[in-house]
Amino acid sequence: MKNPYYPIDTVVEDVITETPTIKTFVLKPVRPIQFKAGQFMQLTVPGVGEAPFTPSSDPSITERMEITILKTGKVTDALHELGPGAKVGLRGPFGKGYPLDKLVGKDVLVVGGGVGLAPMRALLYGLFADPSKYKKIVIKFGAREPAELSFRRQFDEWRALADNISLQTTIDVPHPDWTGHVGLVTTVLETEHLEGIDIVDSYALSCGPEIMLKFVTLKLLEIGYKPPQIYLSMNRKMSCGMGKCGRCNVGHYYLCVDGPDMCYDKIKHVPNVFG
Amino acid sequence: MQFIDSTNFERLLKKLSGEGELFVPVTEEDTGKLHIERVEAFPLPEGMSVEGFRTVETLKGFAQLLRSTVAEYPSEELDELEIGENIPSYIVVCARACDVAAMELVDKVQVEGEFEDPFYRIRREKMFLIAADCTDCGDSCFCNLVGRNPWPEKGYDLAISKVDAGYLVETGSERGEKLVSENADLFTVPRDGQEKTRDDARMKVVAKLKENNKDFPDATKMTEPLREALTDGLWNDESAKCVECGACTNICPTCYCFLLYDTVEGDKFRRVMSWDSCQVTGYARMAGMGNPRPRLGDRVKHRFYHKYDYLPISHGEIFCTGCGRCIDTCSAGIDMRAVFKNVMSKAAK
Numbered sequence: 001m002k003n004p005y006y007p008i009d010t011v012v013e014d015v016i017t018e019t020p021t022i023k024t025f026v027l028k029p030v031r032p033i034q035f036k037a038g039q040f041m042q043l044t045v046p047g048v049g050e051a052p053f054t055p056s057s058d059p060s061i062t063e064r065m066e067i068t069i070l071k072t073g074k075v076t077d078a079l080h081e082l083g084p085g086a087k088v089g090l091r092g093p094f095g096k097g098y099p100l101d102k103l104v105g106k107d108v109l110v111v112g113g114g115v116g117l118a119p120m121r122a123l124l125y126g127l128f129a130d131p132s133k134y135k136k137i138v139i140k141f142g143a144r145e146p147a148e149l150s151f152r153r154q155f156d157e158w159r160a161l162a163d164n165i166s167l168q169t170t171i172d173v174p175h176p177d178w179t180g181h182v183g184l185v186t187t188v189l190e191t192e193h194l195e196g197i198d199i200v201d202s203y204a205l206s207c208g209p210e211i212m213l214k215f216v217t218l219k220l221l222e223i224g225y226k227p228p229q230i231y232l233s234m235n236r237k238m239s240c241g242m243g244k245c246g247r248c249n250v251g252h253y254y255l256c257v258d259g260p261d262m263c264y265d266k267i268k269h270v271p272n273v274f275g
Numbered sequence: 001m002q003f004i005d006s007t008n009f010e011r012l013l014k015k016l017s018g019e020g021e022l023f024v025p026v027t028e029e030d031t032g033k034l035h036i037e038r039v040e041a042f043p044l045p046e047g048m049s050v051e052g053f054r055t056v057e058t059l060k061g062f063a064q065l066l067r068s069t070v071a072e073y074p075s076e077e078l079d080e081l082e083i084g085e086n087i088p089s090y091i092v093v094c095a096r097a098c099d100v101a102a103m104e105l106v107d108k109v110q111v112e113g114e115f116e117d118p119f120y121r122i123r124r125e126k127m128f129l130i131a132a133d134c135t136d137c138g139d140s141c142f143c144n145l146v147g148r149n150p151w152p153e154k155g156y157d158l159a160i161s162k163v164d165a166g167y168l169v170e171t172g173s174e175r176g177e178k179l180v181s182e183n184a185d186l187f188t189v190p191r192d193g194q195e196k197t198r199d200d201a202r203m204k205v206v207a208k209l210k211e212n213n214k215d216f217p218d219a220t221k222m223t224e225p226l227r228e229a230l231t232d233g234l235w236n237d238e239s240a241k242c243v244e245c246g247a248c249t250n251i252c253p254t255c256y257c258f259l260l261y262d263t264v265e266g267d268k269f270r271r272v273m274s275w276d277s278c279q280v281t282g283y284a285r286m287a288g289m290g291n292p293r294p295r296l297g298d299r300v301k302h303r304f305y306h307k308y309d310y311l312p313i314s315h316g317e318i319f320c321t322g323c324g325r326c327i328d329t330c331s332a333g334i335d336m337r338a339v340f341k342n343v344m345s346k347a348a349k
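For the record, the sequence lines run as chains A and B. Counting in the numbering used here, the first sequence runs from 1 upward without gaps. Counting in the numbering used here, the second sequence runs from 1 upward without gaps.
Here are some, though not all, of the chain B residues that point toward chain A, as calculated from beta-carbon distances under 8 Å: (1) ALA71; (2) PRO74; (3) VAL109; (4) GLU114; (5) PRO118; (6) CYS257; (7) TYR261; (8) ASP262; (9) ARG285; (10) MET286; (11) GLY290; (12) SER314.
If you are wondering where the hints come from, they were derived from the structure by calculation, not from laboratory data. Here a beta-carbon is modelled for each residue, glycine too, at the ideal position from N, C-alpha and C.
Please model the complete structure; the sequences and the hints are all you need to start from.
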């Protein structure tokens with residue numbers, strides 16, 4: 001019988017510094033792990049504990065997995081101390097993953113902020129596997145300052161993949177080295193920045209801090225998206241991953257089994273849904 | 001239905017005790033309350049009582065231990081589980097209807113569905129339940145308000161009802177039927193009138209429950225009023241006296257939420273599962289200090305919504321069996337029935 005609480009032995013193969021506070025860990029588990037974009041893993045630092053992360057790597061690669069992590073608490077502080085060769089553990093995948101099937105034939109708007117870009121990269125790899133299946137893929141990434149934009153080394157490569165892909169970045173406040181757009185990520189959701197997206201025939205997916213999700217949702221509703229067209233990567237404490245330990249609920253949903261990406265239509269009635 | 005006299009019932013328990021650990025309710029001298037105690041040797045303890053109502057302890061602690069190791073890593077066996085043999089079979093005597101029903105509710109979460117908790121499932125399979133009618137009720141008992149009866153209807157192996165100098169016995173599982181057929185010499189056919197004696201006794205307890213709870217609303221109809229009474233004001237008022245001790249969730253037979261944490265044991269690591277309480281501040285707090293329920297009122301409200309709104313949506317039933325232990329244990333005197341009364345009056349406005 002498999003023990004669902006046992007972490008699969010995993011080795012850290014490489015550590016990539018993305019920003020001053022964000023690192024990507026390249027992990028090799030003892031056996032391949034299949035996951036869908038948007039599903040999450042529980043990553044164990046031995047003796048310290050587990051924390052939930054959505055892989056940022058290509059879901060078609062099962063031998064290795066990349067997880068991009070902000071240093072922000074007990075487990076992530078310990079992770080940031082680890083280098084190549086360190087032993088960790090993985091459980092999962094858990095959750096539903098992004099609704100990729102629904103996106104086929106649609107305009108897709110991807111809105112990420114801060115470390116929220118990490119799960120969005122797995123979504124992008126999923127979309128980039130065959131960009132022609134979608135009408136437009138419009139990506140909006142925001143961060144506080146230029147140095148906090150993860151994956152920026154890959155942006156030009158992604159833009160060049162297909163004609164229907166666009167990627168715009170923005171930073172919250174002006175910076176001497178920055179010539180691009182300045183303003184919160186909601187400011188690049190104004191119609192003139194949306195590359196002519198047909199909102200009626202589109203889905204918007206967003207991941208980022210709770211406060212960002214709140215204002216992105218309000219902006220999306222303002223420009224014409226309806227709640228069923230909006231998917232949000234919700235933030236709650238997820239532990240068991242199986243809907244049993246009880247702490248990651250949004251209303252009657254457990255994010256660990258029903259999410260973590262939730263259709264806004266399902267949760268819009270929940271009081272204080274954004275905390 | 002069968003009849004077994006008291007002497008033969010003790011013989012049956014003695015026989016059963018050879019197959020596993022035997023637990024019975026024993027009256028605590030000072031308080032008159034019943035506690036679950038393990039029978040180490042026969043004869044049965046003097047204070048054992050089949051009469052009365054629920055014990056102080058619930059059944060959940062048998063299936064979901066207060067604290068238990070769920071993984072040791074890294075391990076040579078990788079992640080294969082071999083825990084079954086190490087868990088002894090056990091027999092719990094005089095489990096009351098509220099507690100038997102509560103286990104069936106928790107089963108829905110821990111065993112049914114996409115994932116099962118193998119530790120819980122195995123401990124549950126090792127449980128042999130002899131349920132019993134309540135012959136009385138406590139001041140805090142309110143099973144009648146959640147649409148239940150003070151006698152067990154399913155979920156047991158055997159069920160006993162005290163009549164005359166023995167018990168009427170019903171079987172509720174294959175294991176129960178097997179036990180009765182293998183010990184047929186201990187049982188007799190019930191005499192005329194014994195079933196009526198049982199039913200009359202049951203109705204007396206129902207009448208007392210109704211009388212005790214006559215001022216409180218029907219808790220099966222709380223979901224809608226709860227949704228209408230979403231206002232923070234109500235929950236801030238209800239939580240004003242709460243001291244955040246978590247006793248209500250620990251003592252609740254349907255509260256199953258747990259915490260996983262890791263410890264270092266020499267050159268190995270241990271993953272521990274322990275009971276947790278949604279009433280404490282850190283329960284849902286995330287790294288970076290984000291907390292969806294930062295205020296006590298939010299957490300007290302969550303306890304009610306989880307049992308009376310969220311779980312009925314996902315599992316089809318209210319996760320409260322009216323045992324009333326949360327009322328007995330609350331040092332602030334918070335009474336779920338009174339909260340519902342306030343919710344009803346708030347919703348009516």
